[in-house]
Amino acid sequence: MKKPDLKTRSQISYYLNLALEGLLTDEEAAQLNQLLEQNDPAQDFYLDLVEMNYALRKLDWTSGGLPVEADSGLEENLWTALAVYEKTAPAVEVEPTEEPAEKKKVSSPAPKVEKRISRMSIVMAITSFAALFLILAYVHLFPRVYPEATAVLLDSTEARWANPAHSLRAGDLIMNTDQTRVLLSGVVKVRSYLGPEVIVEGPAHFEFPEMEKLRLHSGRLYVKVPPNAIGYTVQTPFFSAIDLGTEFGVKVDVDGSGDVHMFSGKASIVSGSRGQTRESRLLNEGGASRILKDGRIRETLLNATAFVREIDSQRRVIWRGEPVDLADIVGGGNGLGTGLRGSAIDPEGAQWYEVSTIYTETWPGRKPSDETYQRISFNSFVDGVFVPNGETGEVIISSAGHVFEEAPPTSGTYWHGVTHWDDSKGRSIVLDGDRFGTPEKTALLMHPNLGITFDLEAIRENYPGRVITEFSAFYGVSDAYPDKKVQPSADFWILVDGQVKFKKLDVKLLQTGRIQIPISQSDLYLTLITTQGRENYSAESQHKGPTYNDWCVWGSPVLRLD
Amino acid sequence: MWTQLFEDTLEKENVKIEAFVSLFASHQARIYSFILSRIPNFSEADDVMQETSKMMWIKFDEFERGTDFVAWGVKIAHFRILEHRRTRKSQQKIHFTDSLDREIKDKAEKRQDKSKEYLAFLKDCIRKLSPQDRSLILLRYQQNLKVKEISERFGKSVQSIYQNISRVQGLLLFCVKKAVSLRVQK
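Chains as they are written, first to last, in numbering that gives the first Met the number 0: chain E, 0 to 561; chain L, 0 to 185.
For reference, chain E alone in the conformation it holds in the complex (with noise of 0.2 Å):
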């Protein structure tokens, strides 16, 4: 790893010095905030000066052949300087350190005493020997619980407590002493003492009496335990589940029952009220069990979206286990359907704009002022847009200059831009029988000439801890647009960092099909095209461009996460 170079190391030295002695300003803070944030030599840096100040601060001067003294090296003029402060520094008093002269004993025969006991000084040695044993016996019986921090709290969102006295704000901690906390509504994100990580979802009464375990009295919350902290407990009225190294959810309901769903790993399960267990069960991975008042445990199916399982206030995240979904982000959203259906990227000015009135008139084909791939600055999910042409040279399709080599020779005009589209606003999109462009199933529609590409390493900053494993969606030419009389052809790309993963060329009106695309964690950036098909293209024609009615749709393209 490279060490940080010789001037960061002075400044994180200088700024390190000054706050050990409290004398770090809010500027000079931030600016060592700034050298050490996501730095590791820095960080290791500084690592190694702390401990060398603490090392010198405690260092035994008086073995190891170490000078006690300062030398007479410094500059000349300090010690001069030294020698005028200490002719004029104030006198100081010193205490005599003499020992007082022992005081000359006489001896004389001391008078013999006849050892007696009384009767008050045996009843005096009992009851405190009793009082002893019993202070024992209560601390033993009763062991004064500590206050202390179990747990403190990481995040929240739009979260409302019952008792306002409750309410937890970033950072705050949350102590084992503390009276059971309800949420009515909203989410929070709690780290436990030991390391587990749980996200409470509203409406919830919970507490965290200890390190090793939280209580649910009702409510559902889902728990993500790392490998040091096996054995985490969730203690509901009616059962237990212990990790084993997991992911798992948990609901209890009203009247104590509940169930708990394994999302990774293993847990057990263990039924039963006040010490007494009725069942217990090992709960696998993509398992769920349902847990009766009676104790009875009983299996049921896993819910995959059922938990909320990461909150970011700040991104407006709240992922319950659904793909991200690429046509929300288009229209201005997280992924999870906060976007505008009915909203399109326009590559014209890299524009962003609502749709609603353009799709009931006619919209002619146009060629972009600007062949060039066309950065977004509004979206950060979205890299670029641009119109493929093969014909007129490179086709840069991201912000880091992949080329699309396979580019085919196109009109270099396009029909609308890159659209989420809303089916209340107008045509409805139907691929295979599927209605797209619902809530449900979302749709992005690309006429063609067209291309998008996300950023990939931005959507994985939403969900820190997730994998991007694959990406999937319905291809097909929609029967949207009424006019049958000139036959749709269009061709469909799919590329990662700049290869081709996918292509399906001069797709037909109502053709249409699913597609699976792995992502790796080290893949940057998706790419989605689509081209005039050959048979819309003929450099010796007049017309020559997509013919208005190939309305291609991506029906619920999504990214997966893991």
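Keep in mind that the hints were calculated from the coordinates and are not lab data. Predicted model, so just to flag it, every value in this text is computed and none were measured. Treat each hint with caution, since some may be false.
[Stated by the list, open to error] Below, simulated BS3-like cross-link-like pairs (lysine-lysine); rule was C-alpha separation at most 30 Å, straight line:
#, chain 1, residue 1, chain 2, residue 2
1, L, K113, E, K6
2, E, K2, L, K176
3, L, K106, L, K122
4, E, K57, L, K15
5, E, K57, L, K176
6, L, K104, L, K127
7, E, K57, L, K113
8, L, K127, L, K58
9, L, K15, E, K6
[Unchecked claim] For each label pair, taking beta carbons as the anchor points, the in silico distance ranges come out as:
#, chain 1, residue 1, chain 2, residue 2, range
10, L, F23, E, P202, 41 to 51 Å
11, E, T24, L, K58, 36 to 46 Å
12, L, S98, E, D25, 11 to 21 Å
13, L, S98, E, L504, 42 to 52 Å
14, E, G285, L, K11, 48 to 58 Å
Where is the CB? At the ideal position from N, CA and C, for every residue including glycine.
Fit chain L to the supplied structure of chain E, relying on the hints for placement.
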């Protein structure tokens, strides 16, 4: 009978105290360094260390003998740090961002115990410093003078003393690392 019970209790307590003191003395450097890395202010780190050691003693019965004492202590220290910040006792100017604080915490937790030779190497490196540099370190750490005091005594600016101390610390770090790597090669 009562006397025996009393003596047994005392005996157990003595054994516990000895075990705690022995472990704590061996590992306090790691725990203090962990605190200091996240609260880089000697005065405040001292307070948190005091709270941490107190809590470690109170909870010592829960510590499973033979397991990692430092890891256990660091966990307690972590929550003392959060508590210290929460109760706004902290006057420190340096507040790492949440993500940086997490990174520093994770790294500091994973640091290895400094070998006993580390201190020997450090002393050796101090001896190798130029007389000027060695004097500066002695005044700062052995005589425990604040930088401001050193600067006032010698009529130098505070900033130049800080810069010099930082420079000498860099030399010492380099020297100690080199000594450690040479030992490993041998």
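Earlier hints that do not hold, by number:
6, 8 and 9
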